[in-house]
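**Student:** Given next are the chains, with one letter for each unit.
There are 2 protein chains.
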Amino acid sequence: MIPDDVVSPLPSQRGLGDLVTDVLREMITGGKFQPGQHLKETELADALKVSRGPIRQALTRLEEEGHVEIRRHRGAFISTLTKTDVEEVHTLRGAIEKLAASRACTRMQGVGFAEMDAVLEQMKSVDTKIDPEDAVRLDLQFHDIIYAYCDHARVLRVWESIRGQVTVFLRARNASFPDFLDVGYSEHKELRDALALGDPQAAQDGIDKHILGAYERLKRLNLPDR
Amino acid sequence: MIPDDVVSPLPSQRGLGDLVTDVLREMITGGKFQPGQHLKETELADALKVSRGPIRQALTRLEEEGHVEIRRHRGAFISTLTKTDVEEVHTLRGAIEKLAASRACTRMQGVGFAEMDAVLEQMKSVDTKIDPEDAVRLDLQFHDIIYAYCDHARVLRVWESIRGQVTVFLRARNASFPDFLDVGYSEHKELRDALALGDPQAAQDGIDKHILGAYERLKRLNLPDR
DNA sequence: CAATGACTTACTGTTTACAATCTACAGAGA
DNA sequence: TCTCTGTAGATTGTAAACAGTAAGTCATTG
Chain A
18 MIPDDVVSPL PSQRGLGDLV TDVLREMITG GKFQPGQHLK ETELADALKV SRGPIRQALT
78 RLEEEGHVEI RRHRGAFIST LTKTDVEEVH TLRGAIEKLA ASRACTRMQG VGFAEMDAVL
138 EQMKSVDTKI DPEDAVRLDL QFHDIIYAYC DHARVLRVWE SIRGQVTVFL RARNASFPDF
198 LDVGYSEHKE LRDALALGDP QAAQDGIDKH ILGAYERLKR LNLPDR
Chain B
18 MIPDDVVSPL PSQRGLGDLV TDVLREMITG GKFQPGQHLK ETELADALKV SRGPIRQALT
78 RLEEEGHVEI RRHRGAFIST LTKTDVEEVH TLRGAIEKLA ASRACTRMQG VGFAEMDAVL
138 EQMKSVDTKI DPEDAVRLDL QFHDIIYAYC DHARVLRVWE SIRGQVTVFL RARNASFPDF
198 LDVGYSEHKE LRDALALGDP QAAQDGIDKH ILGAYERLKR LNLPDR
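Just so you know, the protein sequences line up as chains A and B, in that order. The numbering used here numbers the first residue of the first sequence as 18 and each following residue consecutively. The numbering used here numbers the first residue of the second sequence as 18 and each following residue consecutively.
There are no misleading hints in this set.
Partial pick of chain A residues on the chain B-facing surface, computed with a CB cut under 7 Å: (1) Glu105; (2) Leu109; (3) Ala112; (4) Ile113; (5) Leu116; (6) His169; (7) Arg171; (8) Val172; (9) Val175.
These aren't lab readings, by the way, just hints derived from the structure by calculation. Cβ atoms here follow ideal geometry from the backbone N, Cα and C, with glycine treated the same way.
Based on the provided sequences and hints, a complete structural model is requested.
**Tutor:** As structure tokens, then:
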């Protein structure tokens, strides 16, 4: 028997549609398109050297993630970020991450917390480097661990469906409040310690506080109401 | 200017893919397929007189709703219901419905509660008729009202993604515990009264109790672990 | 001058055809 | 008899062609 660790990475076991989804998501969250911009299937297909099939698949996925809006016979348009979006994403995230954390805190054991500590260690060093992109990546990595250990496929799927928008928010936060990079470590360290208690209720309270803090900061951003 | 209330419902503004999704979902939740059955795109396309495009779209949607499992180059297979599925759906539903209820209870005003009371009234009459299918429909209708008034597009989307499986559970419950048809009214009436307090915390507690009760009953079903 | 209606254009929704990939089974070798 | 390998068959992934629809434009009419 060959151990799982050495199975060939299989260059691409995922379909083209999934690849295109990732590429477009990265372009959108990276700000390559203007809000409201019309994404035409044929243009995207030509640009990415694939046919319209995978493009359509990707666009429907991205619609579910809130990155684009699809209007029948009109096409896909880049969503404009509104106060409503910020509120919805944060309240929904709070709801599912509380559930995720209450389950994860009793399942992470030593190995899960070791992963968290590794991320926290990097967060500390970010304070000196101050690369906003690293801060975003580490923030997401930290929370990914919670979702990974909650052992709940459906919660994980919901998280994946809002993760991209959370990325957008984090980048916007770093752009508007560059000083936040300094407090990232302490806030996540606090959350880690709450989880380490192994008490589901304490874990939920920790998440509540954490998400609420993130929401309060973002509310200061000047966004259209809807 | 014509008020929004009277705009024509637009007979069928939805695409073929959406229609196929609904048809297949109804067939699956209605038990037309055996668990594990292999759904072949070409067969479905021939049977429904459409091409494979809309079929593919429908199958990916149904995968997201947990009704089928898609394995690359193998096709779509009807999901077998497991204890894990029951647990995941109920815990996730609890999380989002608490959020939905806490928002809805302050937004339903008179009109929302009137809708609920109309459903409750029918539930009472069901007790005499005892048509299990009506019981399922009314149960869903009741909760749909909560989601409709919570004014949260993303929560609504998550609900829609698990609503089909909840339907399956309700039907299974009615099949295994036919006597439950009698308590459906009182349980929902209790929940309605909790929402009517207009207190978000009370609303959440009401949902917690309601969902937990549903979960406890379903746990008695004899299902495979995974 | 405003409003309506036909026409044009460009896009998406759908169908059809082709290519890549996987599974299953049979046969050869140990 | 068991295992491995090669081939055949079937099914999905992908591409391209076709058809239908909505928005925009411009002429026409009240």
